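If you're matching them up, the sequences are chains A and B in order. The first sequence begins at 0 in numbering that gives the first Met the number 0 and counts up one residue at a time. The second sequence begins at 0 in numbering that gives the first Met the number 0 and counts up one residue at a time.
One or more hints might be untrue.
[Claimed, not checked] Distance ranges between label pairs, derived from CB positions:
id, chain 1, residue 1, chain 2, residue 2, range
1, A, 57, B, 5, 44 to 54 Å
2, A, 54, B, 197, 33 to 43 Å
3, B, 76, A, 56, 47 to 57 Å
4, A, 46, B, 76, 39 to 49 Å
5, B, 76, A, 19, 49 to 59 Å
6, B, 153, A, 37, 31 to 41 Å
7, A, 56, B, 7, 49 to 59 Å
It should be emphasised that the hints constitute simulated quantities derived from the structure, not laboratory data. Because the structure is a prediction, the values reported are computed rather than measured. The C-beta atom is built at its ideal place from N, Cα and C for all residues, glycine as well.
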Amino acid sequence: MDKPNCTLDQARAAKPRAIAALAAFPVVGIGITRVGEGYGLKVNLSEACESVPAEIDGVPLKSEVVGKIVKRS
Amino acid sequence: MKLRGDDSGKVFILSNNHVLAAENLGKAGDAIVQPGKYDHGIDPADVIAELSKQVKLKKTTPNKIDAAIALLKKSVKFDARGLKDFGGSLAGVGSDFVDEGTIVAKQGRSSGLTTGKVTAFELDNVVVQYDMGNLRFDDQIEIEGAGDSAFSEGGDSGSVIFEKKSRLAIGLLFAGGDSGGSNGKGLTYANPIRTVLDLLKIELV
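If we strip away everything but chain B, and leave its shape as in the complex, we get (with noise of 0.2 Å):
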């Protein structure tokens, strides 16, 4: 990602805020490491970006995103587009209106390359559990997966949704649950990927 209009060069990660930002705890210049905390990346041997900006999680009134950037250190070198399992790269950015039945897929860290297909958009009152208390997201995506499989598991948010014939981005993913789905094994939410762009002021590189 890079910031609209900045042809400096500077590249960023987008994510979520509570992957990047711990849930509006972090602070402008926090280290991020990859791989994560969780995954027993340390600082500084493992720092690859700086904490940049967050979209505040609120409790008291809808959410739009669960969202935040880190700046990438220059020496880390990144494939910013390549969509690695799933082959190619992202083609750009995909149409405000994400229609249900459209054949989505995206890389996580947990599942890994999966597919899915959109069951209900513009959602709103979407209530998601967070270590803060729960929170409400309004016009949200949801997405179940193919066959006998989740499209998502814990590990997987700030995952790139994109359309599966187009490689076009349609949302971030953020949330999830285990139940409901045709095949029984979950929903996953994601947040507009173009409200996401809009409200961090941010563009593909």
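Same shape as in the complex, but just chain A (with noise of 0.2 Å):
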């Protein structure tokens, strides 16, 4: 049975600790996106990495390899 998608308030309540979880790895920014009908978060890394978790609290957590960030002057 799928799991029940999460609300925009449980992706929110989410994101703290999954900053806090994701301390050892090379985040480059943690938010709320779109997954499935509800809300999960994206963890952006700034190079490939294993381990990273699925779901944090229940609540699915998707992670893109972005590279690095730079002002755009």
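The two chains are supplied separately, each in an independent frame; assemble them into the complex guided by the hints.
The following block contains the structure:
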């Protein structure tokens, strides 16, 4: 059976916990995105790494390697 | 832009701190040239404004915006809301909440008119490389380009990002990268426009 979709409030509540849990990873951004019909967290990484969790407290987590972020001047 | 509640007729340019104030180095009254110095603009022939106010970029605590304003010279003609290649004019300022999937556009100095889609919002811990070091930003908006294009390139900083359908402003473009996004062309980052307007105490002309 599919897991129920998470609400925006659930995703917002999970964000600080995700930031703490992923402190050892090369994170360059954690925000909120759509997952299925609900919301989840998007984790941006500067480089590929293994063992990034797929969820935090039941909130789905999507990770993406975005490389380095620079000012657009 | 104008200062909130000010009917003196003073008009301001809005852009990034790193564009108008060189990452906190600028001082009030500094000349602003158009085209920019990178595009061979010179002082005094191309001076159009003077730096007025900057929100200082912080190294040790999270930033909310990268923004500054410059007072436009009275002799300079302008179209404050014109959307150039897109057509029409900016309709106003959008909602605080910008959902994933919102279709947006911008007119930039380097990549011109591009469209894209919001891929994430309320992004914290966004680490951006500046000349002054890596700076952290909280509560940011992330955008990917439509089709096979990047949403932004270097030189597009300071562009206003607006919702394509409503033409309401949603963000101030300030950063990006060359990796990521569903088309692999990289992602763009923007300060929420309402936060920018609130912290600088300005509003659309």
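TODO: Compare the structure with the hints numbered earlier in the document and write down the numbers of the violated ones, lowest to highest.
DONE: none
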